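2 protein chains.
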Amino acid sequence: MQTRSFTETLPRRVVVREVGLRDGLQSVATLVPTAAKLEWIRAAYEAGQREIEVGSFVPARLLPQLADTAEVLAFAQTLPGLRASVLVPNLKGAERALEAKAEMMLLPLSASHAHSLANLRKAPDDVVAEIGRIRAERDARGARTQIEVGISTAFGCTLQGRVEPEEVVRLVQAVLDTGVDAVSLADTVGYADPAMVSRLFERVLRVAGDKLVCGHFHDTRGLGLANVFAALQLGIARFDACTAGIGGCPHAPGASGNVATEDLTYMLHSMGIATGLDFEKLLALRARVAQWLAGEPTHGTIWKTGLPKTFAKEAAHA
Amino acid sequence: MQTRSFTETLPRRVVVREVGLRDGLQSVATLVPTAAKLEWIRAAYEAGQREIEVGSFVPARLLPQLADTAEVLAFAQTLPGLRASVLVPNLKGAERALEAKAEMMLLPLSASHAHSLANLRKAPDDVVAEIGRIRAERDARGARTQIEVGISTAFGCTLQGRVEPEEVVRLVQAVLDTGVDAVSLADTVGYADPAMVSRLFERVLRVAGDKLVCGHFHDTRGLGLANVFAALQLGIARFDACTAGIGGCPHAPGASGNVATEDLTYMLHSMGIATGLDFEKLLALRARVAQWLAGEPTHGTIWKTGLPKTFAKEAAHA
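Residue numbers (the UniProt record's numbering), protein chains in the order written: chain A, 1 to 318; chain B, 1 to 318.
These aren't lab readings, by the way, just hints derived from the structure by calculation.
Quantities reported herein were computed from a predicted structural model and do not represent experimental measurements.
One or more hints might be untrue.
[Said to hold, decoys possible] Capping the alpha-carbon separation at 25 Å, the derived lysine-lysine pairs in DSS-like fashion look like this:
| id | chain 1 | residue 1 | chain 2 | residue 2 |
| --- | --- | --- | --- | --- |
| 1 | A | K304 | B | K304 |
| 2 | B | K309 | A | K122 |
| 3 | A | K281 | A | K101 |
| 4 | A | K304 | A | K281 |
| 5 | B | K122 | A | K309 |
[Stated by the list, open to error] If you anchor each label on the Cβ, the simulated ranges turn out as follows:
| id | chain 1 | residue 1 | chain 2 | residue 2 | range |
| --- | --- | --- | --- | --- | --- |
| 6 | B | V207 | A | P33 | 51 to 61 Å |
| 7 | A | A123 | B | E8 | 54 to 64 Å |
| 8 | B | G161 | A | G132 | 18 to 28 Å |
| 9 | A | L31 | B | R170 | 27 to 37 Å |
Cβ coordinates follow ideal geometry from the N, Cα and C atoms, glycine included.
Starting from the given sequences, assemble the full structure and let the hints guide the process.
Right under this line is the structure:
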């Protein structure tokens with residue numbers, strides 16, 4: 001019999017970081033107008049979201065969907081207390097983020113060599129070197145922009161196949177040595193299972209401690225929320241999610257989106273974990289996003305089945 | 001930091017019990033001919049399944065879909081090593097199961113008073129009394145038929161709402177006192193979350209020990225596999241599942257089926273847990289079941305997205 005509960009290490013409060021505007025939209029063909037993005041951000045903010053990845057500073061010809069990132073970021077910065085982040089693939093993008101005074105830059109680092117070459121045309125160690133240059137540039141400017149490195153394909157890769165946990169740990173140590181503020185682990189292609197999550201997060205926690213701040217799970221094979229639960233047990237208290245579960249990875253054929261914001265929030269509230277989010281407002285936003293993306297695949301479950309009869313009372317405890 | 005891993009208590013081997021022919025089909029309108037059911041059972045057997053719930057001894061006018069249970073059971077009994085079970089709602093049904101020399105009877109007992117009245121027209125304690133009479137009848141005949149009681153709506157109910165864990169524990173103790181062989185816990189309507197599962201299974205294990213043999217989770221709100229993971233951590237090593245995730249509960253509007261057999265098997269194999277099942281054969285069976293049920297809703301994820309590139313090698317370890 002158990003001597004310790006499997007639930008006592010669950011955090012009491014979790015941040016659901018909305019990444020639909022970047023990770024979601026970047027692999028969606030339908031162009032979402034800037035006005036709709038601003039409406040999305042305002043509605044997410046009104047639903048209680050305080051961390052939103054609003055876009056990416058990549059060349060507009062590569063990702064026309066995100067070409068308006070500077071404008072979207074500027075709007076997000078008008079909302080008090082909102083921590084807007086942008087994805088940045090290299091020093092050039094970082095310079096734009098620093099000029100825009102973004103509160104946070106997310107730098108992707110593929111643990112898969114093959115994915116790194118496909119995605120950034122650089123080997124992982126060259127990306128680590130670039131991250132070092134970005135950190136130096138940030139400090140030289142005296143900027144307050146935080147740097148989080150997302151270790152992508154941390155659980156395997158559609159191109160390369162297996163990714164060794166030792167390589168993930170080595171890269172985490174390498175980027176921490178460059179002086180970044182935080183790291184996160186991403187199952188970019190939906191290969192993780194909860195046992196893998198438990199084991200890899202435990203190993204990386206030994207190296208990174210509380211600098212491991214976030215889990216990023218794609219729900220490609222239906223294990224997204226099980227994976228979140230496994231990470232929660234290790235005290236991870238921030239998860240990326242996409243409204244309507246949109247998105248995927250352009251270099252990962254068949255990969256569906258991140259866990260759906262509304263499904264993740266339902267699970268957390270059901271477990272009595274506070275998020276600060278208004279569930280009904282998230283559902284209303286989901287409906288609007290699905291309208292903007294009419295014809296594109298969306299995902300998620302709770303919007304179809306509705307909340308349990310027991311839910312309202314239990315969520316109030318959160 | 002952790003002093004104990006969250007994966008070390010996972011079982012090395014798990015039984016996936018197929019309940020699609022009963023729990024799945026009982027809420028499906030399309031009548032599946034007996035010949036197709038026999039083909040289903042044979043294919044499941046060839047895929048490695050050794051525990052199959054083949055039907056229910058209820059009056060044919062109530063569930064025409066399961067009117068051929070005696071014939072289906074007789075066929076299942078010709079397959080060496082297959083443990084066929086039947087659902088039995090009362091003493092009359094139990095007498096039929098005993099006459100047919102079923103290896104196992106599953107007796108449902110709703111922890112929700114309202115669900116119990118709707119489903120069996122008896123209060124839970126009256127069902128406990130009937131279970132006692134069934135156990136006595138089994139023993140009087142010197143029959144070898146095992147008796148498992150499935151505590152349904154153990155995590156809440158669409159009719160009644162909240163179900164107190166104390167009531168679940170009380171009913172488990174009551175049926176164990178009648179001398180049944182095993183109990184299982186069922187989230188009949190998809191209200192459970194992994195924290196609820198962890199806590200309730202832990203409490204029931206304290207009362208039932210290794211007589212708590214199975215978890216039965218509906219995936220109504222997308223948490224089915226997360227709930228399985230939580231139960232696995234407590235050493236539970238048998239789960240009910242429906243091929244193609246079919247089914248639901250006639251008294252639970254909107255409830256989708258059990259976790260899909262093929263999705264559950266994928267998660268278990270990915271975690272290195274042996275099931276004895278041939279994944280490709282399960283997928284082929286899923287396709288056939290979906291054909292028989294053309295027009296009916298089916299569920300599940302892995303049949304759409306395919307296995308990870310890393311999967312084959314890791315499954316071989318199982």
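Checked hints:
For the suggested pair K304/A and K304/B, the alpha carbons sit about 20 Å apart, so the restraint of at most 25 Å is met. Only pairs whose Cα atoms come within 25 Å are accepted, and K309/B paired with K122/A is accepted, the gap being roughly 23 Å. This hinted pair does not check out: K281/A and K101/A have alpha carbons roughly 29 Å apart, beyond 25 Å. For the proposed pair K304/A and K281/A, the alpha carbon gap of about 15 Å is at most 25 Å, so the pair holds.
As the CA atoms of K122/B and K309/A are separated by approximately 23 Å, the hinted pair is consistent with the 25 Å bound. For the hinted restraint 51 to 61 Å between V207/B and P33/A, the CB-CB distance of approximately 59 Å keeps it satisfied. The supplied range of 54 to 64 Å is broken by A123/A and E8/B, whose beta-carbon atoms lie about 35 Å from each other. In this structure the supplied range 18 to 28 Å is violated for G161/B paired with G132/A, their Cβ-Cβ distance being about 56 Å.
Take L31/A and R170/B: their Cβ atoms lie about 59 Å apart, and the range 27 to 37 Å is violated.
Figure legend: structure checked against the earlier numbered hints; hints not met, in rising order: 3, 7, 8, 9.
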